[in-house]
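Participant: Sequence:
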Amino acid sequence: MSLPDTAGSLPETARPSADTAAPTQRRQRPFALLGSELALVFRRRRTWAMLGALALVPILIAVAVKLTTDGDDGGPAFLGDITNNGLFVAFTALTVSIPLFLPLTVGVVAGDTVAGEASHGTIRYLLVAPTGRVRFILVKFAGAVAFCLAATLLVVLVGAAIGAVLFPIGPVTLLSGTQVGGASYAGRALLLALYVAMSMVGLVAIGMFASTLTNVPVGAMAATVVLAGASQVLDQLPQLDWLHPYLFSHQWLGFGDLLRDPISFDSFGSNAVLQLGYVVVFGALAYSRFASKDILS
Numbered sequence: 027m028s029l030p031d032t033a034g035s036l037p038e039t040a041r042p043s044a045d046t047a048a049p050t051q052r053r054q055r056p057f058a059l060l061g062s063e064l065a066l067v068f069r070r071r072r073t074w075a076m077l078g079a080l081a082l083v084p085i086l087i088a089v090a091v092k093l094t095t096d097g098d099d100g101g102p103a104f105l106g107d108i109t110n111n112g113l114f115v116a117f118t119a120l121t122v123s124i125p126l127f128l129p130l131t132v133g134v135v136a137g138d139t140v141a142g143e144a145s146h147g148t149i150r151y152l153l154v155a156p157t158g159r160v161r162f163i164l165v166k167f168a169g170a171v172a173f174c175l176a177a178t179l180l181v182v183l184v185g186a187a188i189g190a191v192l193f194p195i196g197p198v199t200l201l202s203g204t205q206v207g208g209a210s211y212a213g214r215a216l217l218l219a220l221y222v223a224m225s226m227v228g229l230v231a232i233g234m235f236a237s238t239l240t241n242v243p244v245g246a247m248a249a250t251v252v253l254a255g256a257s258q259v260l261d262q263l264p265q266l267d268w269l270h271p272y273l274f275s276h277q278w279l280g281f282g283d284l285l286r287d288p289i290s291f292d293s294f295g296s297n298a299v300l301q302l303g304y305v306v307v308f309g310a311l312a313y314s315r316f317a318s319k320d321i322l323s
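Taking the working numbering, I'd label the letters of the sequence shown as residues 27 to 323.
Treat each hint with caution, since some may be false.
Simulated DEER-style distance windows between Cβ atoms [stated by the list, open to error]:
{"id": "1", "residue 1": "Val307", "residue 2": "Ala168", "range": "10 to 20 Å"}
{"id": "2", "residue 1": "Leu183", "residue 2": "Arg71", "range": "18 to 28 Å"}
{"id": "3", "residue 1": "Pro197", "residue 2": "Asp267", "range": "31 to 41 Å"}
{"id": "4", "residue 1": "Leu266", "residue 2": "Val306", "range": "21 to 31 Å"}
{"id": "5", "residue 1": "Val252", "residue 2": "Ser145", "range": "14 to 24 Å"}
{"id": "6", "residue 1": "Leu126", "residue 2": "Gly282", "range": "19 to 29 Å"}
{"id": "7", "residue 1": "Val160", "residue 2": "Gly61", "range": "10 to 20 Å"}
{"id": "8", "residue 1": "Ile289", "residue 2": "Thr94", "range": "30 to 40 Å"}
{"id": "9", "residue 1": "Ala317", "residue 2": "Ala190", "range": "42 to 52 Å"}
{"id": "10", "residue 1": "Gly61", "residue 2": "Trp268", "range": "39 to 49 Å"}
{"id": "11", "residue 1": "Gly78", "residue 2": "Ala298", "range": "21 to 31 Å"}
{"id": "12", "residue 1": "Leu126", "residue 2": "Leu269", "range": "20 to 30 Å"}
{"id": "13", "residue 1": "Val299", "residue 2": "Trp268", "range": "15 to 25 Å"}
It is worth saying that the hints were derived from the structure and are not from the lab. By construction, the Cβ of each residue, glycine as well, lies at the ideal position given by its N, Cα and C atoms.
Throw the hints in and build the complete structure from the sequences for me.
Facilitator: Next up, the structure:
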């Protein structure tokens, strides 16, 4: 005598449905995957090591200027302004970090987005969670962008702090010749950090696309960093002046309008359009590659 099939005797409305349970769970925790990604990015020792290295940039600049007898002895012209006003440390540190240090750290994070999961064999489990491939790409992109913003804000905050400790603080003379108080300059410094973080968004998209092409994170990281350097080299060649406006690094240092009175957002807007173009193109390429990729690990 066989046992009765109790599952089969249940009415259709009483049976649990995997198709309805999964969307309900996603609605209940819509940002769970994003929170997990942010925790993953900022919990890594490598991330803290890179942020620590970026924090050393304004510290080393301020200490070096403090130890010299003449603040404008060599280096960029605005180094001499640091001795008169410590608030310039943040601006100087950002300017120094943009060509090398920020692209290097951003390239490491962006190159690890997909290839890192593939190398650890966790992509398959994330997609079964369930996590769609579009959502996976978007969350990985958001995590890398969050690192960009954290990195630039850290440089600004550490620069302002060490500048206040080692040098006098006072009204800041802008590029337009007018002076603003410390509070007004703090708002402009935050805009500078946002501008620089936005400038790295195109590089993030490029790094994510490179990350979908390999299961070796180091390869994607190296390719992203090399492309960042190549773009800056091409931007310095006068023979390629027709190409310069289309390079993702062309407006990395174009934040001068934020240091004028009144503030002009022309460069901010043009840079945003440029970076958005790279995000759309390389984001689409990254998704196209990832959507057609066989997930074997």
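Participant: Which of the listed hints are not met by the structure?
Facilitator: none
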